[in-house]
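Participant: Here is what each chain is made of, one letter per residue.
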Amino acid sequence: MTRLLQILAAGALLLASLPGVAASPATDPPLPRDSIYQLPVQLTDHARRTRGWAVLRGKPRLVGMFYTSCQYICPLIVDSGRAIEKQLTPAERARLGVVLISMDPERDTPAALKKVIDQRKLDGARWTLASPPAGEVREVAGVLGIRYRPLADGEFNHTSALVLVDADGRILARTEQMGSRPDPEFVAVVKQALR
Amino acid sequence: MTSTLALTLAAAFAVSGIGGNGDYASLPGGSFRSALDYEDVPGNVTLAPFAMMKRPVTNGEFLEFVKANPQWRRDRVATVMAEPRYLSHWAGPAELGEARAAQPVVQVSWFAASAYCEAQGARLPTWNEWEYAAAADETRRDARRDPVWRERILAWYSRPSDSALPRAGLQTPNAYGIQDLHGLVWEWTDDYSSLLVDADNRNQGDPDNARFCGAGALSMDDRDNYAVLMRVAMLSSLDAPDTTANLGFRCARDLP
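Chains as they are written, first to last, in the working numbering: chain W, 1 to 195; chain P, 196 to 451.
Derived from the structure by calculation, the hints contain no laboratory data. Cβ atoms here follow ideal geometry from the backbone N, Cα and C, with glycine treated the same way. Treat the hints with care, since some could be wrong.
Claimed, not checked - Ranges between beta-carbon positions, derived for each pair:
id, chain 1, residue 1, chain 2, residue 2, range
1, P, S226, W, Q192, 51 to 57 angstroms
2, W, G179, P, P237, 31 to 37 angstroms
3, P, R336, W, S180, 50 to 56 angstroms
Stated by the list, open to error - If you want the ones that stay clear, here's a sample from chain W, every Cβ over 10 angstroms from chain P, calculated:
id, residue
4, L96
5, K115
6, P133
7, P150
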């Protein structure tokens, strides 16, 4: 009987840890139900690593979407991330990650993503530029609350947002104010998350 | 009690026998004038042949899915993929209660609807596919110019939405053999989040307030097609985890 209970308990533990099992070490506690990393998606980043995005767990992050060939708002997303970083102390900055996920995975290869890291002089240790598989872009957009439509000429019509998540991927705040002057209220929540 | 249960089960099977799980109608591809007019897509849209479920997915069918995929139970689902009202009309996480098996399932998020279709080897229909199928009446593949038909569809939208939903599959099939595209529930489309309608027109042309990137604005090509206009307005206001008491779905598949 005790033996049976043990087996059942082990089974239940295994089930509980399944959503995060592919990406995180077995020692990590299960992801909370309201974590964006509950969405099972693999990202391929600018350093050619393909991993479940739950590896992003562990520190607060700003998460947004973009595509490298964008002529209009997307360069602004990089500016927006930098503008928020600029409001932080060096110690705070080191604790925050910025993740930009492509809505154009077919063209945004690791090389294309790396080019943006280099051209915009982004710190590859803090910034992650990555592409999901082509069929899963709308799911990533779904958890981030971003809308988009591919246009006939290869551009995208899209909304822009930076979403602040805590170390476990829980959404704390979002801003749609793009550009060099970030929303002070949003910055305040970012600073609080980094305490 | 037992006989009531038996009767309920019999009724559920009878319904699923008529238009059950996986019962699809085949639609030919073709060129189609959408009521939506995009700057970057002049003229008609072209559709490849596809198959679409003859009626929306029911509570009974969705319950089977939830039992087989317990991560989609309302008490276990990732809340980034389904808001708190998800399946809240059921008596329990795996129990319908007052919700009847043959009624279309509602209170389902886009993520849950997509997962259901994926489990059937299918997907949600695109907006264009849905609009194409829904342009038909009982005899014509495109009845949209008929004011009588338009009136009939619009009458449904003016009915109060707090009464119990009829069961799925009661209405006469359209020219493709598909039922309930109008007059029962609203339905998710795979690309619902590509419908970008700025809630505030005053923002247009002001780059500081631009919600969307540059080109590709959406306008209504057919301003008298209120039924489509309302669907677009509704879908464009939703986020992927959202659910409502009148929003369900059906699945579609590519055809070779």
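Participant: Work down the list of hints and note, for each, if the structure agrees.
Facilitator: Against the structure, the hints come out as follows:
no.: 1; hint: P:S226 x W:Q192: 51 to 57 angstroms; result: holds, 55 angstroms
no.: 2; hint: W:G179 x P:P237: 31 to 37 angstroms; result: holds, 32 angstroms
no.: 3; hint: P:R336 x W:S180: 50 to 56 angstroms; result: holds, 53 angstroms
no.: 4; hint: L96; result: holds, 21 angstroms
no.: 5; hint: K115; result: holds, 20 angstroms
no.: 6; hint: P133; result: holds, 14 angstroms
no.: 7; hint: P150; result: violated, 8 angstroms
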